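Engineer: As given, the protein sequences belong to chains A and B, one line each in that order.
Oh and the first sequence: position 195 is 195 in the numbering used here, straight run, nothing missing.
Count along the second sequence from 1, add 255, and you get the number used in the numbering used here.
Do not rely on the hints blindly, as some may be mistaken.
[Said to hold, decoys possible] Below, computed lysine-lysine pairings styled on BS3-like, alpha-carbon distance capped at 30 angstroms: (1) B:396 / A:149; (2) B:345 / A:149; (3) B:505 / A:122; (4) A:196 / B:402; (5) A:155 / B:553; (6) B:393 / A:168; (7) B:512 / B:553; (8) B:553 / A:148; (9) B:322 / A:250; (10) B:322 / B:391; (11) A:22 / A:140; (12) B:553 / B:391; (13) B:505 / A:255; (14) A:140 / B:502; (15) B:402 / A:122; (16) B:512 / B:345; (17) B:502 / A:255; (18) B:553 / B:322; (19) A:140 / B:396; (20) A:168 / A:196; (21) B:393 / A:140; (22) B:512 / A:122; (23) B:553 / B:296; (24) B:561 / A:168; (25) B:391 / A:155; (26) A:250 / B:525; (27) A:168 / B:525; (28) B:296 / B:561; (29) A:155 / A:168; (30) B:505 / B:519; (31) A:250 / A:224; (32) B:502 / A:148; (33) A:122 / B:391; (34) B:396 / A:122; (35) A:122 / B:345; (36) B:553 / A:22; (37) A:122 / B:553; (38) B:345 / A:148.
Treat the hints as calculated values from the structure; they're not laboratory data.
Just so it is clear, the structure is predicted and the values come from calculations on it, not from any experiment.
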Amino acid sequence: MTEYSPSEFMITASARALAGEKIVFVGVGLPGVACNLARRTVAPEIEMVYESGIFGARPARSPLSIGDPTLVSGATLSCPQNDLFMNYLQAGRIQVAFIGAAQIDRFGNLNSTVIGDYHNPKVRLPGSGGACEIAIHAQKIFLIMRLKKRAFVEKLDFLTSPGHLSGKPGEREAMGIPGSGPQLLVSDMGTFHFDKTTGEMTLADIRPGVTVEQIQAEISWPLKIAPNLKNVDSPTDEELRIIREELDPKGIYSK
Amino acid sequence: MELLNMKDAIEKYVHDGATIAIEGFTAFICFSAAHEIIRQKRRDLTLCRMTPDLIYDQMVAAGCACKLIFSYLGNPGVGPLYCIRRAIEKGIPNQLEIEEYSHFGTICRYMAGAARLPFFPLHSYIGDELPSVNPKIKFIKSPYDGKSIAVVPPLNPDVAIIHAQRADMMGNIQMWGLLGSQKEVAFASRHLVVVVEEIVDEEVVRSDPNRTVIPNLAVDALVHQPFGTHPSYVQGYYDRDNDFYLKWSKLSRDEEKTRQWLDKWVYGVKDWNEYLAKLEAEQPDIWQRLSAGEAYSKPVNYGEYK
C-alpha cells in the first residue's frame, strides 16, 4: 500500500462521499480536488458550481482561487453572481456544498467571522462570503476541516453559518431553512456524521493508524462515537495516482 | 460620456468623503484606478466591494478609507488581508468602520440600488448573527405568505469603477468571463467610470450585442488602460499574477514594508504606464508568464433581417 498524506486522505474520503451526486458547489483547495477526483471515479456526472458564477467547470489546471480564469474557459455556463445566488442556490438546485470555517461546534454551526468580540476582535476573519446562504440553501452540507482543539469548540465566538443550531429535531425547518444542513465532516483523522435526532457530530469512521483518544484530544466537547465505528479504507493506488499525476501535480493542496 | 485619461477621470469623479465601489470578483479588479486614487491622496472614502481583495488592502494601508462595506475579507486562495486587519484590530493607519453582509446580501443591495427599489428581499441570515451586528439587515413579513424574509437597503455609490475587455468610442462596454456584480453596481451608481483593455470599432460591438453588458447611457467616463488590472486579470487578455498575491501576503504583514511598497510602486510612479514599465524592467518575461493563451469562441449567426 502506498503512503499518503492527511490531505490525500481528506480528498479521497470526500470524493467517495460524492458517489451519485450531480450538482456540487465547490470551494477552492481540497473540495475542488475532491470533486474532480469524484468525477473521474464515483460520480462521473458531477457538475461543479462556483459562487464566482460558474456552472459545469472543466478546469485545465488546479484553480488557485474560486475566480481563477481556468474555471471560465470550457465551462458550461458563466453568469452574473446574482443569477448564481438567486436561481441556483436560493432556488434549491445545489445538492451538495462544501464549506469550511475557523470554528465549529458540536452541532455543525460555523464561525468564519471573528475570534473574540465582533466589535473588538482578537482576530478578524474573512466573514461569510457566500457561506451563510450556502449553509441555508444547499440540500446537504459537507465540511472539510482539520481537527484542532481551538477550531472544534464548545461555544462559537460568532455564528456565521447555521448548522443544526441547538440540535433540536426540526429546528432548521421551523425557522424556514430549506437545506438539511451538515451531513458529513471529513477531517484528517476520521469522518463524522451528524446524528439525525440530536444533530450532534458523531465519529463514524477512523483513519487507519489513528486512535479515538487522539481524536478526542483535538475536540473540546465529549465526543459521540457511532456504535459501529470502523476504519476507513485507505486511498487506493488509483485514487492517489489521479490526485498526484492529474489533479494536483505540484502538490499545492494534497501534500 | 467622455473619453478621459485615468488621472482626469479620478480627479473629476472621486472626491474626498465619497462612497465608491470598484467591483470585479477576482477578475477585472481595476488596480490602475485604485493606484491613481492613492496618488491623488483621496481621504475619508467609504469603500464598497464584495471582496475587498488586495485593491482595498492597499487603499486602506494608504489611508484613503474611513469605512468598508463588504462581504468577504480575504486574499483569495491565500489568506488574510493584513492591512485591513491592522485597521480593524488596531486602528492603523486610522480607524476603519465596517458594515458587513454576506455575498448575496451585497449583491441584493446593488440590485435594489440599480432598480431604485426601497429594499431587496433575500432568503438568508436565518440563524446567523450578522443581523445582530448590522442593523441594516432587517426581517419583514411577506404580505403574501406571512412568512419572515430578510431585506437589505439599496446601495447607490457616488461612483463605481469597473474594468472590461473592450468598448467602442461611445462607451458601449463588452465583457466576458466572470461577470460578478459589475452590471448591477454600474446601474446602481450615480457616476460610472469604465476602464478597458481595448477600444474597438462600433461595428465590433454591433456584431455581438449579447456581449454588451453596459451601454453608454450608464457610462460617464471611459478610460483606455491596457493591463489596467494587474495583479488581477482580464479573461482572454492576461492571467492573474498569483505570485504577486503570495508576495503581498508576506510583505503586507509588516507596516514598514507595506509603506515601502506603496512608495515604490504607487507614489514613485507618475501613472500606470510607468508602473507597467517598472514591472517589465524587473520581470522582462512577465507577460509571457501571464499569457492567457488562445481559446476562441465559435461565432454565432445573428441573421441579417432586411
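Engineer: Evaluate each hint against the coordinates.
Structural biologist: Each hint, compared with the structure:
{"no.": "1", "hint": "B:396 / A:149", "in the structure": "violated (41 angstroms)"}
{"no.": "2", "hint": "B:345 / A:149", "in the structure": "holds (27 angstroms)"}
{"no.": "3", "hint": "B:505 / A:122", "in the structure": "holds (20 angstroms)"}
{"no.": "4", "hint": "A:196 / B:402", "in the structure": "holds (26 angstroms)"}
{"no.": "5", "hint": "A:155 / B:553", "in the structure": "violated (54 angstroms)"}
{"no.": "6", "hint": "B:393 / A:168", "in the structure": "holds (25 angstroms)"}
{"no.": "7", "hint": "B:512 / B:553", "in the structure": "violated (47 angstroms)"}
{"no.": "8", "hint": "B:553 / A:148", "in the structure": "violated (50 angstroms)"}
{"no.": "9", "hint": "B:322 / A:250", "in the structure": "violated (40 angstroms)"}
{"no.": "10", "hint": "B:322 / B:391", "in the structure": "holds (15 angstroms)"}
{"no.": "11", "hint": "A:22 / A:140", "in the structure": "holds (12 angstroms)"}
{"no.": "12", "hint": "B:553 / B:391", "in the structure": "violated (46 angstroms)"}
{"no.": "13", "hint": "B:505 / A:255", "in the structure": "holds (21 angstroms)"}
{"no.": "14", "hint": "A:140 / B:502", "in the structure": "violated (37 angstroms)"}
{"no.": "15", "hint": "B:402 / A:122", "in the structure": "violated (37 angstroms)"}
{"no.": "16", "hint": "B:512 / B:345", "in the structure": "holds (18 angstroms)"}
{"no.": "17", "hint": "B:502 / A:255", "in the structure": "holds (21 angstroms)"}
{"no.": "18", "hint": "B:553 / B:322", "in the structure": "violated (45 angstroms)"}
{"no.": "19", "hint": "A:140 / B:396", "in the structure": "holds (27 angstroms)"}
{"no.": "20", "hint": "A:168 / A:196", "in the structure": "holds (10 angstroms)"}
{"no.": "21", "hint": "B:393 / A:140", "in the structure": "holds (27 angstroms)"}
{"no.": "22", "hint": "B:512 / A:122", "in the structure": "holds (23 angstroms)"}
{"no.": "23", "hint": "B:553 / B:296", "in the structure": "violated (46 angstroms)"}
{"no.": "24", "hint": "B:561 / A:168", "in the structure": "violated (67 angstroms)"}
{"no.": "25", "hint": "B:391 / A:155", "in the structure": "holds (26 angstroms)"}
{"no.": "26", "hint": "A:250 / B:525", "in the structure": "violated (39 angstroms)"}
{"no.": "27", "hint": "A:168 / B:525", "in the structure": "violated (62 angstroms)"}
{"no.": "28", "hint": "B:296 / B:561", "in the structure": "violated (55 angstroms)"}
{"no.": "29", "hint": "A:155 / A:168", "in the structure": "holds (17 angstroms)"}
{"no.": "30", "hint": "B:505 / B:519", "in the structure": "holds (17 angstroms)"}
{"no.": "31", "hint": "A:250 / A:224", "in the structure": "violated (37 angstroms)"}
{"no.": "32", "hint": "B:502 / A:148", "in the structure": "holds (28 angstroms)"}
{"no.": "33", "hint": "A:122 / B:391", "in the structure": "holds (24 angstroms)"}
{"no.": "34", "hint": "B:396 / A:122", "in the structure": "violated (36 angstroms)"}
{"no.": "35", "hint": "A:122 / B:345", "in the structure": "holds (10 angstroms)"}
{"no.": "36", "hint": "B:553 / A:22", "in the structure": "holds (28 angstroms)"}
{"no.": "37", "hint": "A:122 / B:553", "in the structure": "violated (52 angstroms)"}
{"no.": "38", "hint": "B:345 / A:148", "in the structure": "holds (27 angstroms)"}
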